[in-house]
Structures are given as C-alpha cells and as structure tokens.
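Asks: Kindly produce the complete structure, drawing on both the sequences and the hints.
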Amino acid sequence: MITRFLLQKMDRRGGIFLAILLGLAVLVPLSNLLLPASSPFHVPTSTMSLWGKYLCYALLAVSLDLVWGYCGILSLGHGAFFALGGYAMGMYLMRQIGSRGVYGNPILPDFMVFLNWQELPWYWYGFSSFPFAMLMVLAVPGLLAFVFGWFAFRSRVTGVYLSIITQALTYALLLAFFRNDMGFGGNNGLTDFKDILGFNIQAQATRAALFSLTCVMLAVGFLIARGIVVSKLGKVVIAIRDAESRTRFLGYRVDRFKLFVFTVSACMAGVAGALYVPQVGIINPSEFAPANSIETVIWVAVGGRGTLVGAALGAVVVNWAKTVFTSGFMAPYWLFALGGLFVVVTLFLPKGILGTAEALWARRRKPGTTPAAEPAPAE
Amino acid sequence: MNAPVPGALTSSLLYLDGVSVSFDGFKAIRGLSLTIEPGEMRAIIGPNGAGKTTMMDIITGKTKPDVGTVMFGGSVDLTKLDEAAIANLGIGRKFQKPTVFDFHTIEDNILLALKSKRTVGRTLFWKTEEPQQKRIDDILGIVKLADKRDRLAGSLSHGQKQWLEIGMLLAQDPKLLLVDEPAAGMTDGETAQTAVLLKEIARDHSVIVVEHDMGFIRELGVKVTVLHEGSVLAEGPLDQVSANERVVEVYLGR
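Line order of the protein sequences matches chains A and B. Position 309 (the first sequence) corresponds to 1204 in our numbering; numbering is contiguous. Position 104 (the second sequence) corresponds to 296 in our numbering; numbering is contiguous.
Don't read these hints as lab results, they were simulated from the structure. The hints are all genuine.
Keeping only pairs whose Cα atoms sit at most 30 Å apart, straight-line, the calculated DSS-like set for lysine-lysine is:
| id | chain 1 | residue 1 | chain 2 | residue 2 |
| --- | --- | --- | --- | --- |
| 1 | A | Lys1127 | B | Lys340 |
| 2 | B | Lys326 | A | Lys1127 |
| 3 | A | Lys904 | B | Lys340 |
| 4 | A | Lys1127 | B | Lys289 |
| 5 | B | Lys326 | B | Lys289 |
| 6 | B | Lys309 | A | Lys1127 |
| 7 | B | Lys254 | B | Lys272 |
| 8 | A | Lys904 | B | Lys336 |
| 9 | B | Lys254 | A | Lys1127 |
| 10 | A | Lys1127 | B | Lys336 |
| 11 | B | Lys319 | B | Lys336 |
| 12 | B | Lys254 | B | Lys289 |
| 13 | B | Lys319 | B | Lys309 |
| 14 | B | Lys415 | B | Lys289 |
| 15 | A | Lys1127 | B | Lys367 |
| 16 | B | Lys319 | B | Lys307 |
| 17 | B | Lys319 | A | Lys904 |
| 18 | B | Lys415 | B | Lys367 |
| 19 | A | Lys904 | B | Lys307 |
| 20 | A | Lys1127 | B | Lys319 |
Cβ-Cβ distance ranges computed for the label pairs, FRET-style:
| id | chain 1 | residue 1 | chain 2 | residue 2 | range |
| --- | --- | --- | --- | --- | --- |
| 21 | B | Ser347 | A | Ala1184 | 37 to 47 Å |
| 22 | B | His404 | A | Trp1256 | 45 to 55 Å |
| 23 | A | Ala1184 | B | Ala338 | 45 to 55 Å |
| 24 | A | Ala1100 | B | Lys307 | 50 to 60 Å |
| 25 | A | Lys904 | B | Gly377 | 27 to 37 Å |
| 26 | A | Met1029 | B | Val312 | 23 to 33 Å |
| 27 | B | Asp329 | A | Phe1025 | 49 to 59 Å |
| 28 | B | Thr271 | A | Phe1027 | 43 to 53 Å |
| 29 | A | Trp1256 | B | Ala338 | 27 to 37 Å |
| 30 | A | Ala1252 | B | Thr379 | 36 to 46 Å |
Which bits of chain B does chain A cover? Going by a derived footprint, with three or more residues having C-beta under 8 Å, they are:
| id | segment |
| --- | --- |
| 31 | 286–300 |
| 32 | 310–324 |
Idealized CB from N, CA, C, for every residue including glycine.
Replies: Spelled out as structure tokens, the structure:
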C-alpha cells in the first residue's frame, strides 16, 4: 500500500529525477572508490562531499517547496528545522567521540569540560544511541513545527505575517544556540567528529556511503512529497493556497491540513540537516541564520516553485554557482549575483528554470498548443 | 421532507431571531428574524448595504452575531460553530464573486466539493470509488461542463464559473444552499438557464437566493424577503412585495 501511495501517478519528470538520483547513488561512489585517481571518470572525494552537501540542500528545498509551492506557506525559517536535525545528528556524533576528545573525558564533550560542567545535561541523555538520535532528527523539528503551526494556523496567521514570525523563530533559535549555557557548544557548535556507527567519518568509504545515502534520502523525500501532492490531500492543500476561505466553506479544516504538511516538511528538513552534518563535519549556530532560510526560498524560486523536482534542481544549480563564484576573482560579487538571479527569475522566469524549460519543450513538440499550466501562481 | 429532530425547538430548517451585529459601531444587521422551512426556496432582495452578505456570513459562521439566535435543523446553534463545522452540517455557500479553484481541473473542483469525510487521513489515502465517480459525472452533466472536465477552472468564462460553483454546491449535497447573486454578470440566456437549474436543485434542497435581478426572481417564482438596513422590511410573493409602498420607496423606486 505504501509503495502504491508513493508511486501513484508517476510522471516522466519524476521518473527521470529518480533515475538520475539512483544513478548518482551507485556510480559516484563506485567511481570514487574503484577507479584510479588518474582516470578521467574518477570523482575525487572532495567533489563527492561537495555534491553530497548540494543534495542535502536539495532535500531541504523539496521540503520547503511542499509548504510554499503547494500550500502557499512562505516559511522564512526552514533553516531552523534543518539546523535542529543537524544538531540531533551532531549530538550523536559528539557522544561517539568518547574519551578520544582533547580532555579525554569519556562522558562529557570537550566544550562541557572546558566550561567546567560536572555532568551531562538531561537533554543529552540517549544521544549515544543511534536509533534514538535518528528519532530525534525527526521528532525535534517535527514537534517544533507542530507546536508553532498549531498556534499560528489556528489563529489564522497567514501571508507575510506568518513569514515574519517564521523568520523570528529561526533568529530566536540562532541567539539561543549561541549561548554557552544552552549546552550545545555555543558559538563553536559541535565538531571534531570521529566516527559514525563505528566507521571512521573521514574515511573515503564512509564518505561514499554518506553520499549514496543522501541520494537515497532525497529520492525518498521526493517520493513522500510527491505522494502527498498528487493525493486528494494535495488537491486540498493547493485549494487552500489558492482560495483558503473557499476551502473552509467546503468543510475542510484548513488549519489541520496546513499543520500536516508543515510538520511533514519540517521532519524532511531535519533529515536533510542530519545528512549534512557528517558530510561537512560541523554544525554551529550560524545554520540558524535567517539569511540561510531566505537563500532556500531563492533556490526554490529559481528552480521552479510548486514542482518539487525544480526545487531540488534550483538548490543544486544555485549552490554550484555559489561554489564557482565564491572561489576566484568573482568572490566579492556573489551576493550581488544571488540577488540579481532572484530578480531575474522573478521577472523573466516566474515558473523557474524547470517550469520554463518544460514550457519551451512542450511548445516545440506541439506547436500552437499551450502547455498545461503548472500550479504556481504569484503569492 | 425532513422529519423534525427529537428535541427540536422549531420545525424550521433555519431559524434566525433577533440577530444583530455591528462593525465598528455600524449596525450591519439589526434585529433580523427569518425562518426557512425544509424544502423551501426563498429569494432575498435589498439595496446595497441592506445586510444580505452579512446575513450569509452569520449563517455560515464567518461572522459571529453580537446577539440573537441562529438555529439549524431545529436544535443546532450555529453561533457556536466555525465555518468547516457548519459546512459539514450541510450548509453550502456560493459566493457573489465566483470562487472556484483556478489551478484545479473542473473535475477536481467537483471532487473537492464532493460529500465525504474531510479529515487529513481520509484525504491522504483517498481513492475515488465508482458511485462517487458516477456522482461527479452526473453533476458535470447537470451544470453542462462534462466536455470541459480536464480543463483548468481558471480558463472558464465568468458564467461557466458560476455554474461550476453551483455544481460544487450540488456535490456537497447540503441541506441548505446559500446562493449569492448567481446571475451576476451573466447573459440573458445564461440567466434563464441558471433559473431553471436552481429550480431543479430546489426540488430536493432548501435554497436561499440573494439576487438583484428582478426578472430572475420573477422566473424563480418563490417567496421573497426584502431586507433594508439590516432587518426585514417585507415578506411574501413578489407581486405583493413589489406593491408595498415602503419597498418601492427604499428599493424598487430607485
């Protein structure tokens, strides 16, 4: 039943996307591990990790597209859910260090020893267990989204007001996590990880496995999001986006539907964060920075809002461009380029890269017919 | 048609008594009383600002009255419920400006309105069964949109959107339909067809129609209530009401 739910009404676009992810999940690690470095098809470990990072961002973008593109909830605080998932993973990785830390304390992470803490705070309990930590990766962002959404959606906070309070949420968390006495490593965050599930986190094979897992989780996240948006619930959610009070007069409890997609989306963002942390090797409060959440919105807009695949594409394209532009003589101009990109996309490609490309493709194949409009109206 | 509910306070389907509501000191509705019997079709007319739309807002739970009684089916107090709960009780509403879901196909618009459990779980794992599909097909036939079922609702003309919205009301299968200016912006031909459609619907539903178009109301041939400054000015057959001096003064005379 779950398979049927995930694969219902699979279209060509989704099929291609899944095939590419599957291909990457298998071929990139194989090439990295088996081919000699001299081979033109060899993918260096650094490149693989970099692309693993892009794919984590892609999963974050898919989760944002689910709430923004389909439900019209412009969350400017999705980075908070990503960071919380990342911290949950980071706490597990910290506990794995054990007595190999600088201070050699078998229980307390280095930063706690440094702060003269005598015992582990209660909220660190359980994080030495991988299954528990993975549960928290889902539960912490999910619970925060549920409680936040419960109050916001029931009070019918919508539009720009909701965007502003999501932004405030992530900013408040940024300030909180900066504080040393919160017990999350303060300014420095969590780092110096040693191993994950007993495997050395720096080892090439571990990194390859993490890359594969990221591809798979992006595919799973995409399938879940797609399953939701093509179901009748997805139709209700789109109806809420386009005519909220009409939907209410049809007898749908709008707040519950919003709460559902918002919570699912937050869990998905948490998973993205959890995959991100072992690949970049650090999680610190800057991940909560409001600018990160806003950048995520730009990825989705650039790729194509309300398409899911477009969101993932946008995340990869913009981040790849960021890597290219921020290294070399263009570095000082990156933020201008990013801002310019957003303006250009909003003005000239309102359906994003994917929407525009598909419209062109459809027009070439069937001259004279207009392509079926993608549900992505202006906010 | 509908047997009175045990414990019912009144046999009326809808019962408004002494309802008042004001916005920033402006009394939009003052002491409004109105009853609709099961199976009845009622036309409501009145000049702009008479409180017609506010009355609909009160019945559907969008606006809470300051004082007064609003009872549905004899025993349900509508002032205590929200929009979704009232819709699920069986009160459907068509808005003055046609409001359909532009980015859904016509068929999906009907599907969303179709009477069913509105919970998150049910909609997530929804599968349209045969009788439901048949009902959708029937409704598409009634509102004459069957050949356009796969088109986006946003591509419809104004008149067709009005019809689609009436179709959505039918799909909800409400006990009471509130229809706000169904003929607004329609051609004469469409207006006549809409009157026929509404009369057909009224055969097994109670209907309240708010309308400005006198010709349209004449075609419906039902009891008329005239609202003025938030309360009932006159009530009765159209000929009798339009002969009333006060009505002529405030409304028809203008």
